[in-house]
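Enquirer: Since chain A is already given, all that's left is putting chain B on it; use the hints.
Protein chains in written order, with the numbering used here: chain A, 1 to 230; chain B, 1 to 331.
Mixed in with the good hints, there may be bad ones.
Here are some of the chain B residues that sit facing chain A, going by a computed Cβ distance under 8 angstroms [said to hold, decoys possible]:
#1 186
#2 268
#3 280
According to the in silico footprint, chain B covers these stretches of chain A (three or more CB under 8 angstroms from chain B) [said to hold, decoys possible]:
#4 30 to 44
#5 148 to 157
#6 171 to 181
None of these hints come from the bench; they were simulated from the model.
Treat the numbers as computed from the prediction; the structure is a model and nothing was measured.
Think of the CB as a built atom: it goes at the ideal place given N, C-alpha and C, for glycine as much as any other residue.
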Amino acid sequence: MLELRTITAGYDRRSPVVRDFSLILAPGESVGLLGPSGCGKSTLARVAALLHRPDAGALVLDGTTVRRWRHRAPRELRISVGVVFQQARLSADPRLRLADVIAEPLRANGRREEAAGRVAELAEAVGLTPDLLTRRPHEVSDGQLQRACLARALALRPRWLICDEMTAMLDASTAAALVGAVEDYRTATGAGLLAVGHDRTLLGRWCDRTVHWGDNETGSSGKVTCGRCG
Amino acid sequence: MTRRSPVLSVRGLSVRFLMPGGRRVAAVTDARFEVAAGECLALIGESGCGKSVLAGALLGLLPANAQTAGHAHLGDLDLLTADERTLARTVRGRLVGLVPQSPAAHLTPVRTVRSQLAETVAALTGVRGRAALRSAGEAAAARAAFPADHLDRHPHQLSGGLAQRAATALALVGDAPLLLADEPTTGLDRDLVDRTVDELRRHVDAPDGAGGAGRALLMITHDLAAAERIADRIAVMYAGRIVELTDASTFFGSPGPRHPYSRGLLRALPERDFSPIPGMPPELGDLPEGCAFAARCDRATGACAALPQMTDRVACHHPYPHPYPAEGSHA
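Bound conformation, chain A alone:
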């Protein structure tokens, strides 16, 4: 289970962006979180990905309450969550070749020897051809770079996947291909998914259920309020 329990989070304690948000993801479940621009849903995604310490509330991952965040998070928790951001350009090191972008989580976790085989496997899964793997980010399109970022998120076989507006910058065909790659991975591994976005049709098609920002349909006592958009 991935449990967000009455999370309050933001960048200024006096005016949190997210207040008392609760959401429970069962293993293998896919949940879409829908909300308008600037409502705080990306902040929530960062909390779920252990990248942002909430002001109050708890994140419980498979029974373990997360107490330390970002690089201080314990490795076994950190590698159980994979994350894909909206802007591939900003989330890939411009100096690395795509093969190294994808292999970085393996290297960072002392599994360098697995890298070659795993990168080839991942590249195939996300639809990257071998010639693209030797290029740097400025030499590929947004769609190709986002494919590499998805491969990177899957490199350590996370049990949970957080996709924050993964396809917002992409054309329809590339978006459908990436969603297909995520779903193939989930079918093979039973990973859970939290997909954050503003496209009702896309999330409705992609996920088992969708939660609207502002609605309290999460089955918890928490209230979802939205700082900037009422």
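Expert: Quick look at chain B alone, frame taken from chain A:
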């Protein structure tokens, strides 16, 4: 719609980038289209297919290693052969208004919207004097529905939608007959996309000072929903070539587009089949001799080894026939 004389007429526009080692990248090849006053042409296609390069070519904003060929007539002026002085003094802002991809990056971060509007008004119009500039700036903001009480804010204090309106206001100052919008809706949520394209449409339809015919709008986008909402005609670009040019109602409605790539793009929408086109677009530096889409196309045959010519608004050896049975209608 009655055919008006085109504001922009592009003939055989090609752009080649010369790369180190003598490589040549064919970013745009033989593009041919027209945009009339009061009309919106949406240029759609995958990222990296050459759409933005085409826009850059029209404004003379390509890097030094680019070579252009063909013609792009805006009135009597050929944008492709015009020198930098002409482009800077008579074209940019005055004949072509650019609505940028990322307004937050387009605006100057350290100055207020008011001061940027006043600077643009002073540079593009004959208005002089502090008070006159101030009121002209406010009028320019009002035209793009930018709220007057936000004029003294800096770009980082604006939401995405308001930043987009500020950028649109700047693009409208010079009363240019042609607006060029390069991915104006990227990263906005659906409501903001709808509002942004509706506003752009208003500037196409409602001429304020442009003599009654309205403006011409060339919108470059990968957002099919935005294109459907705003466009009169759709040009589909694949691997640097326009492969289909058709009416928006035909494209999105029934009978639907005729090129297999256009059909694939529509099928990929989550409200339709949500199935991607197999494979990936070819490298622009290493295009095949024949049809660039053949490798991904389920209709490809031996004939596709030869380059298809644009006939009857589609460049394909095996286009879907007209009329097509009505299956493309959507909710």
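Enquirer: Next step is simple, just say for each hint if it's right about the structure.
Expert: Tested hints:
With a least beta-carbon distance of about 6 angstroms to chain A, the hint placing residue 186(B) at the interface is held under the 8 angstroms criterion. With its C-beta approaching chain A no nearer than about 4 angstroms, residue 268(B) sits inside the 8 angstroms limit, and its interface hint holds. Using the Cβ-Cβ criterion of 8 angstroms, the hint placing residue 280(B) at the interface with chain A is satisfied: the shortest such distance is roughly 6 angstroms. For a cut-off of 8 angstroms, the count of residues in the stretch 30 to 44 of chain A with a CB near a CB of chain B stands at 3, and the three-residue condition holds.
Coverage of the stretch 148 to 157 of chain A by chain B is violated in this model, with 0 residues showing a Cβ closer than 8 angstroms to a Cβ of that chain against a need of three. Closer than 8 angstroms: that is the beta-carbon criterion, and the stretch 171 to 181 of chain A has 9 residues meeting it against chain B, so the requirement of 3 holds.
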